[in-house]
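2 protein chains.
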Amino acid sequence: MTVPQRAPGGFPVVGIVGAGQLARMCAGPAAELGLTLSVLAEASDASAALVIPSAPVGAHSDVEAVLAFARECDVVTFDHEQVPADVLAALAQAGVAMHPTPEALVFAQDKLAMRKRLTALAIPCPRWVSARTPADVDAFGEDVGWPVVAKTPRGGYDGKGVRVVGSSAELADWLKRAAAEDSPLLLEEKVPFTRELAVLLARSPSGQAAAWPVVETVQTDSICTEVIAPAADLDPDLAARVTEAGLRIAGELGVTGVLAVELFELPGGEFVVNELAMRPHNSGHWSMDGAVTGQFEQHLRAVLDLPLGSPRPRHRWTVMGNILGGEHHDLFPAYRHVMARDPEIKAHLYGKGVRPGRKIGHVNVSGEDLADLRERARHAADYIEGVILE
Amino acid sequence: MTVPQRAPGGFPVVGIVGAGQLARMCAGPAAELGLTLSVLAEASDASAALVIPSAPVGAHSDVEAVLAFARECDVVTFDHEQVPADVLAALAQAGVAMHPTPEALVFAQDKLAMRKRLTALAIPCPRWVSARTPADVDAFGEDVGWPVVAKTPRGGYDGKGVRVVGSSAELADWLKRAAAEDSPLLLEEKVPFTRELAVLLARSPSGQAAAWPVVETVQTDSICTEVIAPAADLDPDLAARVTEAGLRIAGELGVTGVLAVELFELPGGEFVVNELAMRPHNSGHWSMDGAVTGQFEQHLRAVLDLPLGSPRPRHRWTVMGNILGGEHHDLFPAYRHVMARDPEIKAHLYGKGVRPGRKIGHVNVSGEDLADLRERARHAADYIEGVILE
Numbered sequence: 001m002t003v004p005q006r007a008p009g010g011f012p013v014v015g016i017v018g019a020g021q022l023a024r025m026c027a028g029p030a031a032e033l034g035l036t037l038s039v040l041a042e043a044s045d046a047s048a049a050l051v052i053p054s055a056p057v058g059a060h061s062d063v064e065a066v067l068a069f070a071r072e073c074d075v076v077t078f079d080h081e082q083v084p085a086d087v088l089a090a091l092a093q094a095g096v097a098m099h100p101t102p103e104a105l106v107f108a109q110d111k112l113a114m115r116k117r118l119t120a121l122a123i124p125c126p127r128w129v130s131a132r133t134p135a136d137v138d139a140f141g142e143d144v145g146w147p148v149v150a151k152t153p154r155g156g157y158d159g160k161g162v163r164v165v166g167s168s169a170e171l172a173d174w175l176k177r178a179a180a181e182d183s184p185l186l187l188e189e190k191v192p193f194t195r196e197l198a199v200l201l202a203r204s205p206s207g208q209a210a211a212w213p214v215v216e217t218v219q220t221d222s223i224c225t226e227v228i229a230p231a232a233d234l235d236p237d238l239a240a241r242v243t244e245a246g247l248r249i250a251g252e253l254g255v256t257g258v259l260a261v262e263l264f265e266l267p268g269g270e271f272v273v274n275e276l277a278m279r280p281h282n283s284g285h286w287s288m289d290g291a292v293t294g295q296f297e298q299h300l301r302a303v304l305d306l307p308l309g310s311p312r313p314r315h316r317w318t319v320m321g322n323i324l325g326g327e328h329h330d331l332f333p334a335y336r337h338v339m340a341r342d343p344e345i346k347a348h349l350y351g352k353g354v355r356p357g358r359k360i361g362h363v364n365v366s367g368e369d370l371a372d373l374r375e376r377a378r379h380a381a382d383y384i385e386g387v388i389l390e
Numbered sequence: 001m002t003v004p005q006r007a008p009g010g011f012p013v014v015g016i017v018g019a020g021q022l023a024r025m026c027a028g029p030a031a032e033l034g035l036t037l038s039v040l041a042e043a044s045d046a047s048a049a050l051v052i053p054s055a056p057v058g059a060h061s062d063v064e065a066v067l068a069f070a071r072e073c074d075v076v077t078f079d080h081e082q083v084p085a086d087v088l089a090a091l092a093q094a095g096v097a098m099h100p101t102p103e104a105l106v107f108a109q110d111k112l113a114m115r116k117r118l119t120a121l122a123i124p125c126p127r128w129v130s131a132r133t134p135a136d137v138d139a140f141g142e143d144v145g146w147p148v149v150a151k152t153p154r155g156g157y158d159g160k161g162v163r164v165v166g167s168s169a170e171l172a173d174w175l176k177r178a179a180a181e182d183s184p185l186l187l188e189e190k191v192p193f194t195r196e197l198a199v200l201l202a203r204s205p206s207g208q209a210a211a212w213p214v215v216e217t218v219q220t221d222s223i224c225t226e227v228i229a230p231a232a233d234l235d236p237d238l239a240a241r242v243t244e245a246g247l248r249i250a251g252e253l254g255v256t257g258v259l260a261v262e263l264f265e266l267p268g269g270e271f272v273v274n275e276l277a278m279r280p281h282n283s284g285h286w287s288m289d290g291a292v293t294g295q296f297e298q299h300l301r302a303v304l305d306l307p308l309g310s311p312r313p314r315h316r317w318t319v320m321g322n323i324l325g326g327e328h329h330d331l332f333p334a335y336r337h338v339m340a341r342d343p344e345i346k347a348h349l350y351g352k353g354v355r356p357g358r359k360i361g362h363v364n365v366s367g368e369d370l371a372d373l374r375e376r377a378r379h380a381a382d383y384i385e386g387v388i389l390e
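In order, the protein sequences belong to chains P and U. So for the first sequence, the numbering used here puts the first residue at 1; every next one is plus one. So for the second sequence, the numbering used here puts the first residue at 1; every next one is plus one.
In short, the hints are calculated from the structure, not lab data. All C-beta atoms, glycine included, are put in the ideal place defined by N, C-alpha and C. Be aware that one or more of the hints could be misleading.
Over the 10 angstroms line for every Cβ pair with chain P, so calculated as not near, a few chain U residues [said to hold, decoys possible]: (1) Gln5; (2) Met25; (3) Glu32; (4) Ala49; (5) Ile223; (6) Glu344; (7) Val354.
Covered stretches of chain P (in silico footprint by chain U; criterion: 3 or more residues with CB under 8 angstroms from a CB of chain U, positions within the stretch not fixed) [as the list claims (entries may be wrong)]: (8) 3-11; (9) 29-42; (10) 103-111; (11) 136-142; (12) 196-205; (13) 338-344.
Part of the chain U face toward chain P, derived, beta carbon under 7 angstroms [what the hints assert, rightly or not]: (14) Val3; (15) Ala7; (16) Gly28; (17) Ala43; (18) Val292; (19) Leu306; (20) Leu331; (21) Phe332.
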């Protein structure tokens, strides 16, 4: 096990389980703050392992590997929500400081637990049930109207965790697997949303919380492709209620670190919560360039129980465009065009190999004219992806 | 020799000779752009070596070490100007792409060469001569008036390269050493400046150049302690002439990468050039948070001959306050106070041990009220240093 090299001056070591792009994007802020990062990497060429000196290779599901890793860190946090309960329990047993805690993290790991808890808190959710049988599914569909949204509460089957179905027959395979595992499915009504919003905030163990402005997230084929910060033409009252819901969720669930609450905006000024993530989140990438405190710096401050930084936007608008893997593998040469066309584009690449649909980077651009910014972000992301339309 | 691990996608490796804070502050921007950095580190715990995975230890004066290091990089640049001419020549001989080139760098390494060249270009300089004898010194003092400023053209004697003297007798020791080394001293008139300014710009091998706004630098005991960006109440015509001089110096000297031109503002709207630095510079640290493109990102773009980013300020004012080592070694606990008092302070620590007067970090803060920003930057820097006045 590599021992992370501490900076003099009492600066701590923050361990991150998982070395994806979220861990990678902590590297810049950690260096600025004088902190040392250590990442438990899935592979020696993982995204974060390319830029962080202390990156021992080990599986997040390997109790011994995670324990050995954690022993060299002052606090442990997570690149993703896949760390199994037995590993979290072993860390807790060993007295490891973890943020978020297992007690909070379960609500990001288990969608049924999340729905039960948010409903108990009277946070607006889509109508939902847990379902074990075709009869459960049919009854719910009759009640809320077809189609309905079926979700595996934890992870997914064959890489998929969400399915929109028009009858219980279309869920026969999932119901069989759910029965075999004695683990019910989550069914939700398919809400007639007008757009998707997200509120991102950070909360520290001391209980301080700070929320960034509510953003609009644009999905293409179920993948986030664009974020507009703040959400345009958002009713200030709705923005306030959404932010209040986010802060309440963070407080009631005892979240520490960054929390992302994904929401659907409904006609009539209402909203429902869609998903929770307890880590820096795609909906907050705009903040790296667009806010006084970016989400990666804020996550580090929160897990260290430092006072939080200002989430104030630096500009009227910031637009984030995701770069997804396509056919084109040779990304670097695109910089020549993208940077020459738009000297204000901020490119963020993750050091990941190209696979179709994989998130490999994003761009941010800030300014006054939203339509112009959206065009520029889209053009730059497309061009790096290899989609050249002009 | 460690081989730096490249990211897929054609992203290059940028090598930096020297692992001080300037190399360290390239780490965040490099990770964002998907680039790989490699630093030739003076020690395994050097500032940049703490945050960059590829940091082989070797001396910048060791030809073989530098050549072996450079072989694994696509382009080589420098953390400081101390690389000796024979090492630079060996790199050039080996076909290593270097920015700045040795032909340009000499004007940042040798103050006499700089004065000769700038004078030939009719760039305003203090009156100056090269001096070998007491008679040379006395003649110059009689001509321009005492005291005069004496400088060792390269490096310094006993760690000091500048002395203000009221007679040739006060330079007897330096003149003896200069004679022994057959290397004259540089004498300059002591100009009656009203304040110190700096213009920072970047120039690419293709010849594109971009300048940040002219800043004011505040020195305390000959160490830069504060930078105000842009310089307050600066005559726009003077700002334009200063910027034009910077661009002309960069072009005529063939500078590639970031160039800092330090200047004295004189009564009557004139200026003279004080010093040149061909690398990211303390006078540009404000740009990390205060400009669309920070100097470290820009330096990487320039040495890779990528199109340059916009140097546009994000805010009306940004104030940078240097953190200098004092008596206080335990820096991290100060964050609790500094961050709680001012959620907009951006702290940058260098991972360096505290030694009195050593630059160990800086803070940036941006906004509308310059007096307020100066107070906040000074308070935060003082508090981290351990100077608690309230």
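We went through each hint and held it up to the structure:
no. : hint    : in the structure
1   : Gln5    : 6 angstroms, violated
2   : Met25   : 8 angstroms, violated
3   : Glu32   : 5 angstroms, violated
4   : Ala49   : 8 angstroms, violated
5   : Ile223  : 20 angstroms, holds
6   : Glu344  : 5 angstroms, violated
7   : Val354  : 7 angstroms, violated
8   : 3-11    : holds (count 6)
9   : 29-42   : holds (count 7)
10  : 103-111 : violated (count 0)
11  : 136-142 : violated (count 0)
12  : 196-205 : violated (count 0)
13  : 338-344 : holds (count 4)
14  : Val3    : 12 angstroms, violated
15  : Ala7    : 4 angstroms, holds
16  : Gly28   : 3 angstroms, holds
17  : Ala43   : 11 angstroms, violated
18  : Val292  : 5 angstroms, holds
19  : Leu306  : 6 angstroms, holds
20  : Leu331  : 4 angstroms, holds
21  : Phe332  : 4 angstroms, holds
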